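Engineer: Okay, here's what each chain looks like letter by letter:
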Amino acid sequence: MAKTTEDMQQAVDYSKFPDSEGHFGVYGGRFVPETLMAPLAELSEAYLRYRNDPDFLREFDTDASQFVGRPSPLYYAERWSEKIGGARIYLKREDLNHTGAHKINNALGQALLAKRMGKKRVIAETGAGQHGVASATVAARLGMECVVYMGADDIQRQSPNVFRMRLLGAEVVPVTSGTRTLKDALNEAMRDWVTNVDDTFYIIGTVAGPHPYPLMVRDFQTIIGREAREQILEQEGRLPDALVACVGGGSNAIGLFHPFLNDASVQLHGVEAGGYGIDSGKHAAPLCAGKPGVLHGNRTYLMEDDWGQIIGTHSISAGLDYPGVGPEHSWLKDIKRAVYTSVTDDEAMQGFHAVTRTEGIIPALETSHALAHAEKLAREIGPGGIIIVNLSGRGDKDLQTVANVEGITL
Amino acid sequence: MSRIQARFDALKSAGRRALVPFITAGDPNPGLTVQLMHGLVEAGADIVELGVPFSDPIGDGPVIQLACERALKHGTSLGDVLAMVREFRQRNRDTPVVLMGYMNPIEVMGYRRFCEAAAEAGVDGVLTVDMPPEEMGELSECLADAGLDPIFLVAPTTTEQRMQVICDHARGFIYYVSLKGVTGSDTLDVAAVAERVGRLHRMTGLPVGVGFGISTADKAAQMSQAADAVVVGSALVRQIQDNVGDDAVIVENVTGLLASMRSAMDADAAATA
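Here the protein sequences line up with chains A and B, keeping their order.
Heads up: the first sequence begins at 20 in my numbering, then just goes up one per residue.
Heads up: the second sequence begins at 1052 in my numbering, then just goes up one per residue.
Read the hints as simulated data drawn from the structure, not as lab findings.
Treat the numbers as computed from the prediction; the structure is a model and nothing was measured.
We put the CB at the ideal spot given by N, CA and C, even for glycine.
It is possible that some hints are incorrect.
[As the list claims (entries may be wrong)] Some but not every residue of chain B turned toward chain A, in silico, with C-beta under 8 Å: (1) Q1116; (2) S1128; (3) G1130; (4) N1155; (5) T1209.
Produce the complete structure using the sequences and hints provided.
Structural biologist: Written as structure tokens, this is what we have:
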């Protein structure tokens, strides 16, 4: 008898992924110039040594609590839920973390690892600037030199974060090659790492890149899902029906999803940036509309042309404006454990306003994509259901963008 | 015997080192590439390395990044690159051609389809910057079936153990990256390179080429003392970059620079012989 999808899912031992070479099925791996193979091996070895080291974990937990402000609350969005008239929606408040987004969880973890590895200089790429700010923040906290690569176009649309990074002592390097956005910033950070490999630690901001990054970043971000799981059990006495998170590279989504992978009753919804709509071709939704390929060190779904060139993406939110996605998401899509959908710029703006006005929480535009989908899903699941949305970041950085879209001069 | 091996055998008997120029296919425009390839051969190239333009060349410095952007502006695809090699082969049956690029265009075309088409076009070797031997999988078999040589990079950071793995997977020649950095960087330590090349020679019978950072005739001559082949890329591509719009000057300057490297290397070889 053919196995149902649910049977197959239950047969998957998620703790066995990735394998020792970083593969999630056919995805992931380590596709980098030879110069980086040895440093990646060194990084893997160091990470696996500290991954379960009580002393390292205690240091992480202490800073997570005293510097970042964890645990973040799980907040019942009562007015918004009632207005929608469907499932009860909970918001995992990562926007309340120090620096205003989930990015700090990972930046902190990697910087503490860099310190243990004796690296004095950290580099990072950033799109919306949230990971750059998080990296600059932990570098200041730990007394490390920090260089952040940022697409020249993103520097334009996220200037408050650029100023923040500079105040924190980081050097922000504008990247003018290619599409002048996040993917090009990642290229430039890789080139820096190839050149300064002896003393430099590259803090990748999402669950992409070569092994061990997708594993390591996931581990540092799963604090979100572990807390949320405990909190919902405490507040509702049962698991949620669905989790919703936006997906650019996919770190906030994997952080929320991963501790629930074995809970077959919990649906996982990843929301990509639909831009002007999937049919327009102007979007950033590789899982919804791309094909597998190799970019930035791993095999994953990509936005590419018929000859394998990476194509320009569009999203209203700089943090989702990326043509690839973490390899674990590609795998979860193929094995159908998670579903991936997209919402357009306009829908995200509606989600942004709805939550701002009914809950008094100004979400990031990235997060607003998840909120817009949660609204549809809450109606589908209906009253009696429970949804957790990862409120991955706050929207202060996006005020200029929102004003521009709405023709308002600040 | 592969064209690459035949070329190295002939050079060895003549007591000469191979000069391997690199240009990006389609740069500054697709119409000039085949003419440039022939010009490079006339100026003394033993093997031609042809870059397959890619949108995200993480192993390359600004000079080759811009070359990729110029080529892609003209829509130069992997299919176009193979057509250029086919055209080159109409007038040149002997000079080996190595494609150098990134994984994704090959991934999208399909390993077997790419290997068969490349061999049919007259390609001899394939170097994919972001494809370490560990991830080769079926590509290994497809290259072998098509008679194409897989060329791998060895870096200053490569451990002794990995060197052996790479030597075991490689055919044609080994490409030693002479510095930590991207293409077009400018700090060379000849003695350190010679030491690493010596180690590779003890591990494999394959010839060892050296590249990255070789920008002048002098450096080419120095490096040719240490290795079996000298690869020159960014210095040539810079001549293209500086003269975009004037194809005649580009051909003159690119071939002129390569010819000066050839004479410096040969003078050096004669002096030590």
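Engineer: Starting from the hint list further up, note which numbers the structure goes against and sort them upward.
Structural biologist: Hint check: nothing fails, all pass.
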